[in-house]
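Asks: Sequence:
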Amino acid sequence: MKKPKGPIMLLNLDKQGNPEEPGIPKPADSEEGPVEAVPAPGFATVQKRPWIFNNLVQALLIILSLVVALGLVLILLPQPTVDRIAGNIEERSGAARQEKIAFLYVGEQVTDNEFRVRGAVRNITSEPVERLDAAIRFYSHDGSMLETAIVRMDKETIAPDEVAHFEVVYPDYRMQFASYSVEFKLRQGGIVHYKDMRTNRQ
Numbered sequence: 057m058k059k060p061k062g063p064i065m066l067l068n069l070d071k072q073g074n075p076e077e078p079g080i081p082k083p084a085d086s087e088e089g090p091v092e093a094v095p096a097p098g099f100a101t102v103q104k105r106p107w108i109f110n111n112l113v114q115a116l117l118i119i120l121s122l123v124v125a126l127g128l129v130l131i132l133l134p135q136p137t138v139d140r141i142a143g144n145i146e147e148r149s150g151a152a153r154q155e156k157i158a159f160l161y162v163g164e165q166v167t168d169n170e171f172r173v174r175g176a177v178r179n180i181t182s183e184p185v186e187r188l189d190a191a192i193r194f195y196s197h198d199g200s201m202l203e204t205a206i207v208r209m210d211k212e213t214i215a216p217d218e219v220a221h222f223e224v225v226y227p228d229y230r231m232q233f234a235s236y237s238v239e240f241k242l243r244q245g246g247i248v249h250y251k252d253m254r255t256n257r258q
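The sequence shown: position 92 = 148 (the numbering used here), numbered continuously.
Note that these hints are calculated values from the structure, not bench results. Among the hints, a few may not be true.
[To be verified] Within a straight-line C-alpha distance of at most 20 Å, the following computed EDC-like cross-link-like pairs (lysine to aspartate or glutamate) qualify: (1) K156 to E218; (2) K241 to E183; (3) K241 to D210; (4) K211 to D228; (5) K251 to D217; (6) K241 to E203; (7) K156 to D228; (8) K241 to E186; (9) K211 to D189; (10) K251 to E186; (11) K251 to E218; (12) K211 to E223; (13) K241 to E223; (14) K156 to E186; (15) K241 to D189; (16) K241 to E155; (17) K251 to E239; (18) K251 to D189; (19) K156 to D189; (20) K156 to D217; (21) K156 to E239; (22) K156 to D210; (23) K241 to D217; (24) K211 to E186; (25) K251 to E183; (26) K156 to E170; (27) K241 to D252; (28) K156 to E183; (29) K211 to E239; (30) K251 to E155; (31) K156 to E212; (32) K241 to E212.
Only a predicted model underlies this, so the values are computations on that prediction, with no experimental measurement involved.
Turn these sequences into a full structure, and let the hints guide you.
Replies: Written as structure tokens, this is what we have:
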């Protein structure tokens, strides 16, 4: 056997490393101290200003309660009153509208258990009015709407300054109607505004 040349080095495998052992540099502590986590800006805003969200929720609840209250009032009001309010709002809104006809008169008559409503309109424009219908709504004594009757004029085309008449007959009438209202529309569905010049006639 040959003898090894030079000194023999023994390795101590059981010895655990010392963090302070010479030759291993120790990380220096920061002069500013440990680094602290900074919360996200959005999270900080939520925690510091919860009153913004509370006020928003309260405002939404108030608006919702007002809408519900208005709906209940409209449901409880008689239909003629609702129609009158809607008409007043439309008149005061200042929206531009052209009156094509004049509502000259309307009257009702009960004969032989038949309820008749007659009326007349005049074309007050310089153009003919074609396919004009009258929509007559009948209301009960508690203000609820019972029926709507659509009747045609006695003329399909109403020339300028010409008068047209309409009539609706309701058979087997038993005094179930307390009131009625009349509006005019083209057969295609558009509402026709009118100038009210009515006088009641029997």
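Asks: Does each hint fit the structure? Answer for all of them.
Replies: Against the structure, the hints come out as follows:
1. Proposed proximity of K156 and E218 is supported: the alpha carbons are some 12 Å apart, at most 20 Å.
2. Distance hint between K241 and E183 is fulfilled; the C-alpha atoms sit about 16 Å from each other, no more than 20 Å.
3. A hinted pair counts as satisfied when its Cα atoms are at most 20 Å apart, and K241 with D210 qualifies at roughly 15 Å.
4. Proximity of K211 to D228 is assessed by CA-CA distance (about 28 Å); at most 20 Å being required, the pair is judged violated.
5. Restraint check for K251 and D217: satisfied, since their Cα atoms lie roughly 13 Å apart, inside the 20 Å limit.
6. About 17 Å separates the Cα atoms of K241 and E203, which keeps this hinted pair within 20 Å; it holds.
7. This hinted pair does not check out: K156 and D228 have alpha carbons roughly 35 Å apart, beyond 20 Å.
8. Simply put, K241 and E186 have alpha-carbon atoms about 10 Å apart, close enough for the 20 Å limit, and the pair holds.
9. In summary, the hint linking K211 to D189 is supported, as the alpha carbons are separated by about 10 Å, within the 20 Å threshold.
10. Under the criterion of a C-alpha separation no larger than 20 Å, the hint pairing K251 with E186 is consistent with the structure, at around 18 Å.
11. The hinted pair formed by K251 and E218 meets the criterion: a straight-line CA distance of about 15 Å does not exceed 20 Å.
12. At roughly 12 Å between alpha-carbon atoms, K211 and E223 fall within 20 Å of each other, so this suggested pair holds.
13. At roughly 15 Å between alpha-carbon atoms, K241 and E223 fall within 20 Å of each other, so this suggested pair holds.
14. Note on K156 and E186: the hinted pairing holds, with a Cα-Cα distance of about 11 Å set against a maximum of 20 Å.
15. About 6 Å separates the Cα atoms of K241 and D189, which keeps this hinted pair within 20 Å; it holds.
16. As the CA atoms of K241 and E155 are separated by approximately 12 Å, the hinted pair is consistent with the 20 Å bound.
17. A C-alpha spacing of about 11 Å is found between K251 and E239, which places the hinted pair at or below 20 Å, so the restraint holds.
18. With a CA separation close to 16 Å, the supplied pair K251 and D189 stays within the 20 Å bound.
19. For the hint linking K156 to D189, the alpha-carbon distance of about 13 Å falls within 20 Å, and the restraint holds.
20. At most 20 Å may separate the alpha-carbon atoms for a hinted pair to count; K156 and D217 meet this at roughly 10 Å.
21. A C-alpha spacing of about 13 Å is found between K156 and E239, which places the hinted pair at or below 20 Å, so the restraint holds.
22. Annotation: proposed proximity of K156 to D210 holds, straight-line Cα distance about 17 Å (limit 20 Å).
23. Our distance criterion of 20 Å between C-alpha atoms is met by K241 and D217, whose separation comes to about 18 Å.
24. Under the criterion of a C-alpha separation no larger than 20 Å, the hint pairing K211 with E186 is consistent with the structure, at around 8 Å.
25. A hinted pair counts as satisfied when its Cα atoms are at most 20 Å apart, and K251 with E183 qualifies at roughly 16 Å.
26. Pair hint K156 plus E170 does not hold up; C-alpha atoms about 32 Å apart against a cutoff of 20 Å.
27. A threshold of 20 Å between alpha carbons decides the hint, and for K241 with D252 the separation of about 15 Å falls inside it, so the pair holds.
28. Using a Cα cut-off of 20 Å, the hinted pair K156 and E183 holds, with the two alpha carbons roughly 9 Å apart.
29. Taking the CA atoms of K211 and E239, the gap is near 17 Å; set against the 20 Å cutoff, the hint holds.
30. Between K251 and E155 the alpha-carbon distance is near 6 Å, which keeps this suggested pair within the 20 Å criterion.
31. The suggested pairing of K156 with E212 holds, with an alpha-carbon distance near 15 Å, which does not exceed 20 Å.
32. For a cut-off of 20 Å, the pair hint linking K241 to E212 stands: about 13 Å separates their Cα positions.
The structure shown violates the earlier hints numbered 4, 7 and 26.
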